[in-house]
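These are the residues of each chain, in order.
There are 2 protein chains.
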Amino acid sequence: MPQNIVVIGAVALGPKAACRFKRLEPESKVVMVDRDDIISYGGCGIPYFISGDVSDPSHLQETSFHMLRDKTFFKDAKDIDILTKTEALNINRREKYVVIKNLDTREESTLPYDKLVLATGSRPKRLDIPGIDLDGVFAVSNMNAAIAIKDRISSGQVEKALVIGGGFIGLEMAEALTDMWGIETTVVEITDQLLPGLISRNLAQIVKHHMEEKEVSILLEERVERLEGSDRVERAVTASGTLDADLVIVSVGVEPNSDLARAAGLDVSPKGAIVVNSKMQTSDQDIYAGGDCVEVINLISGKPGYYPLGSMANRQGRIIGTNLAGGHAEFPGAVGSLVVKVFDLSIAATGLSIETARREGLDAISALVIQFDRAHFYPEKDLMTLELVVEKTSGRVLGIQGVGPMGEGTVGRINAVASILKYKPTVEDIGNLELAYSPPFSAAMDILNALGNTAENILAGKNRVVDVDEFDELWKQRERGDVVFLDCRGWGNAEPFVNKYAQHWKSIPQDELRARMAEVPRDKKLVLICNTGVRSYEAQVTLDEMGITDSCNLQGGVACLKKWGLDLA
Amino acid sequence: MPQNIVVIGAVALGPKAACRFKRLEPESKVVMVDRDDIISYGGCGIPYFISGDVSDPSHLQETSFHMLRDKTFFKDAKDIDILTKTEALNINRREKYVVIKNLDTREESTLPYDKLVLATGSRPKRLDIPGIDLDGVFAVSNMNAAIAIKDRISSGQVEKALVIGGGFIGLEMAEALTDMWGIETTVVEITDQLLPGLISRNLAQIVKHHMEEKEVSILLEERVERLEGSDRVERAVTASGTLDADLVIVSVGVEPNSDLARAAGLDVSPKGAIVVNSKMQTSDQDIYAGGDCVEVINLISGKPGYYPLGSMANRQGRIIGTNLAGGHAEFPGAVGSLVVKVFDLSIAATGLSIETARREGLDAISALVIQFDRAHFYPEKDLMTLELVVEKTSGRVLGIQGVGPMGEGTVGRINAVASILKYKPTVEDIGNLELAYSPPFSAAMDILNALGNTAENILAGKNRVVDVDEFDELWKQRERGDVVFLDCRGWGNAEPFVNKYAQHWKSIPQDELRARMAEVPRDKKLVLICNTGVRSYEAQVTLDEMGITDSCNLQGGVACLKKWGLDLA
Chain A
1 MPQNIVVIGA VALGPKAACR FKRLEPESKV VMVDRDDIIS YGGCGIPYFI SGDVSDPSHL
61 QETSFHMLRD KTFFKDAKDI DILTKTEALN INRREKYVVI KNLDTREEST LPYDKLVLAT
121 GSRPKRLDIP GIDLDGVFAV SNMNAAIAIK DRISSGQVEK ALVIGGGFIG LEMAEALTDM
181 WGIETTVVEI TDQLLPGLIS RNLAQIVKHH MEEKEVSILL EERVERLEGS DRVERAVTAS
241 GTLDADLVIV SVGVEPNSDL ARAAGLDVSP KGAIVVNSKM QTSDQDIYAG GDCVEVINLI
301 SGKPGYYPLG SMANRQGRII GTNLAGGHAE FPGAVGSLVV KVFDLSIAAT GLSIETARRE
361 GLDAISALVI QFDRAHFYPE KDLMTLELVV EKTSGRVLGI QGVGPMGEGT VGRINAVASI
421 LKYKPTVEDI GNLELAYSPP FSAAMDILNA LGNTAENILA GKNRVVDVDE FDELWKQRER
481 GDVVFLDCRG WGNAEPFVNK YAQHWKSIPQ DELRARMAEV PRDKKLVLIC NTGVRSYEAQ
541 VTLDEMGITD SCNLQGGVAC LKKWGLDLA
Chain B
1 MPQNIVVIGA VALGPKAACR FKRLEPESKV VMVDRDDIIS YGGCGIPYFI SGDVSDPSHL
61 QETSFHMLRD KTFFKDAKDI DILTKTEALN INRREKYVVI KNLDTREEST LPYDKLVLAT
121 GSRPKRLDIP GIDLDGVFAV SNMNAAIAIK DRISSGQVEK ALVIGGGFIG LEMAEALTDM
181 WGIETTVVEI TDQLLPGLIS RNLAQIVKHH MEEKEVSILL EERVERLEGS DRVERAVTAS
241 GTLDADLVIV SVGVEPNSDL ARAAGLDVSP KGAIVVNSKM QTSDQDIYAG GDCVEVINLI
301 SGKPGYYPLG SMANRQGRII GTNLAGGHAE FPGAVGSLVV KVFDLSIAAT GLSIETARRE
361 GLDAISALVI QFDRAHFYPE KDLMTLELVV EKTSGRVLGI QGVGPMGEGT VGRINAVASI
421 LKYKPTVEDI GNLELAYSPP FSAAMDILNA LGNTAENILA GKNRVVDVDE FDELWKQRER
481 GDVVFLDCRG WGNAEPFVNK YAQHWKSIPQ DELRARMAEV PRDKKLVLIC NTGVRSYEAQ
541 VTLDEMGITD SCNLQGGVAC LKKWGLDLA
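If you read the sequences in order, they're chains A and B.
Letter by letter, the first sequence follows residues 1 to 569 of the numbering used here.
Letter by letter, the second sequence follows residues 1 to 569 of the numbering used here.
Simulated from the structure, these hints should not be mistaken for laboratory data.
DSS-like mimics (lysine-lysine), calculated; alpha carbons at most 27 Å apart, straight line:
no., chain 1, residue 1, chain 2, residue 2
1, B, Lys160, B, Lys150
2, B, Lys524, B, Lys500
3, A, Lys424, B, Lys303
4, B, Lys303, B, Lys271
5, B, Lys75, B, Lys101
6, A, Lys422, A, Lys271
7, A, Lys562, A, Lys462
8, B, Lys381, A, Lys381
9, B, Lys424, A, Lys424
10, B, Lys75, A, Lys506
11, B, Lys462, A, Lys279
12, B, Lys29, B, Lys85
13, B, Lys381, A, Lys214
14, B, Lys476, B, Lys562
15, A, Lys422, B, Lys424
16, A, Lys422, B, Lys422
17, A, Lys71, A, Lys150
18, A, Lys424, B, Lys279
19, B, Lys506, A, Lys75
20, A, Lys422, B, Lys392
21, B, Lys279, B, Lys96
22, A, Lys424, B, Lys422
23, A, Lys29, B, Lys462
24, A, Lys462, B, Lys279
25, A, Lys381, B, Lys150
26, B, Lys279, A, Lys392
So that you can see chain A by itself, here it is in the shape it has in the complex (with noise of 0.2 Å):
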């Protein structure tokens, strides 16, 4: 019998969810509503169109085939009803009808479903300060504030820009505003790291200098106190000082919008998201809820998770419309994936981050390996930095993070072990991970089998390793004297460190380090560095094998120290 479908959201999920949901039952009837006018866009791509990269708004709503995914797109293409400017103000589960208002005309009249989906989305999290709502001060919240902000800085009204929160949005702004339209930028984040929960502390310091080497300015551990200007935005108060801005975007995150399912008396979570089982049903079975207004179980932690990502609700979009027509299609969860371009840089992750897991509470170690993405005799070649987060005991593996160059190798690799997360691979799965291998896309050992068995070496306790961090620390503290900085790289390397630092850095290349054991100090500790970290593992075992066990191994090596931008020659 055919149905009548009404969606409220006509965004990423509601059209997916409709559009599957009528090639199963074309005969069915759909209704979405949305409060915008500007429907069906690629919200993701906003940050491409502040650039330029993406010339009009309309091409963010446009099929791959350019045809606008507007009313008549939706009605002629797809058999789908839409009513745009409509707002859902409440749902009447007893009798089955949703209370719509035309925000036109005023005018409220009543739409009754069968199955109704909420397809509401995230607003962006307020700031509550001062002066927040100053001409001049955006969020990055849809179409039409993208508009509004592009129009802004076309016109040539912005000089300085000031972008709140370090997350992956704010970064793509900031490189939106910087590379394209040579706009002064700062980012201010409150914690003490770029994009807080998706990346470790160390490979956050590398994207951090990468941008800092693009001139953007990175304030880490500020507060923005309040806004301040007579009309429009002129300046930002800090904890620790003024900063002129003349556009201010507020990218501190976002929030569900579950108002609607909440007074409804659905099922809502105390961080506000809907609730929802493996079918994408609500607490009552005729209502189904995805994308960013809905919490998915975490199938690496077990808990519910929280991922307003465009991929993630098209997806569950078509898992709803293959159930709204009688099917028995289940979202299986998530491992929480992401990437994010900044710059020259290429960003992925997946899963825990080591920081994220031990605030989950596990014990958990992280390996870190750089190496060339492709075979290092081939010509063109960069470095890639991931990290590998693992439990110690199991030596499950639950999360892998990367920096790379620009380009899909970085994202590649986190895609390869996003896809296994959810069967519990250890670390040993990931040495033997069967990569395609050639020349001009990866090593003969990839870095990521490389990652898997550095991994074990650790937990094995035979590679003893510090990070970054830890060594800028044991650097800082060099005056003491109870460590040696032992380089085992050749001697050209090692040569500018040892004639700077003559009375802690010490040259012994890996090969000679047989010969020359006697040179070895036995009475300190010796942190042991080589370009990337292969040679100076190699030369931890050999210094094992000789009884001289107080050594600690540089992660990374100098390659990750000059990322970090911690250049000691």
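We have chain A; now place chain B onto it with these hints.
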């Protein structure tokens, strides 16, 4: 107790096993023997040395920190002894020693072992035709052969080259000869497709068309019967003609070097590969083997497979190293992952191709999707073609192959599936794969998710498809008049086809189909066409709804026809 380890073969697996072992048991002794004088090189880099991308042969033999992996390096850095230009003549398993011969002095001696590693690799299959021993005929067998080929080319002695064999080494060589040296090159392949057994005939046609655009001649289903020339090769005589060539590269595959193992009474498979268990032990528990001389279990078919790849050898080498030291590492088996660069294309594959699956007796179908590799609104993007091979009844994924632009995008998708193949994923798992999304890297509904969904729709009978080769058959028979080609794109796209083929080609854009249903011919089979197969699928759903069910949808659409070189307009 310290052990005596002998390793026969010092290219990929041998050094890896030896070094891993020495890191675990530094007090034990390892001797490695090799017939050649150049050892531990990246054999997969040979085509890039020949093309000139890698300028010096020694680069293939260097570590990533530019140390030459020669005898001295292995002694000093790894404490491993190497005997080069030394042949292992036979193995005495009872008394546990190897008889070796110094190829310079012709002296024979013995090497006692506690455990032995066979890393004897593979050799090029020999083509048994007259003229094969003429000067100018080469196999890409080792560094010395590579140096000889490059010497000949760089001294200007080569104008026309013939590559016998269209496998991946043959194609890499054809590119190297054409692209960097401007040599007129012909590839002769005995089967009816390039890369046989690795990708489908359909995808192989895309590769063929691309190579032809790059001015490589490709002859399929052609056999070289003899090579002719006075002392140097001058021409090849094939079943259908004569080809001038002053350089002939024979790349008709490799076969395992297992003579030594066989002579020692170890189990050798019918195909000539050494048989090993999951610990990489031969039928003698004190003798390990791995790399190009062994067979391992294919995780899809459950049958033994042969994977002569440097990456496989490295991973197996580490497992052998661990087990030599009393560890319990296991090689899980292989899915057969592969990637190759051919001019501007990257071609990647894992698991079974559709033809291979059917040859294995599996009831398989394949789904093909052609889609942008990144968000369609992102300025830098290109079309990627992926094909998923699926068991019909179970929906189990058997393999995936793809052709896309150069870069890591295609291989990244293949690796994501390769990683999970051993867990026996279904099409739903591919549709739900959580891939990291951001517009510069992927689409919100990634091509891989779309591929899983398309396969699901095909299995459900909702998307009834034809491949390009089937389309080609229907097209050739169009004068019969029982088929109408229905173009579901906008009029602008369809117009040139309608003008040219008025009788056979009809235009009804998908979004006008409901309104123009009366125009649809009901007495003929409909071949539905759009740019990529997405709108034509929607049209098929709508036609089905209207009771017009004799239709098929061209997978990959006009984009695929173009990539095939089948340009009808």
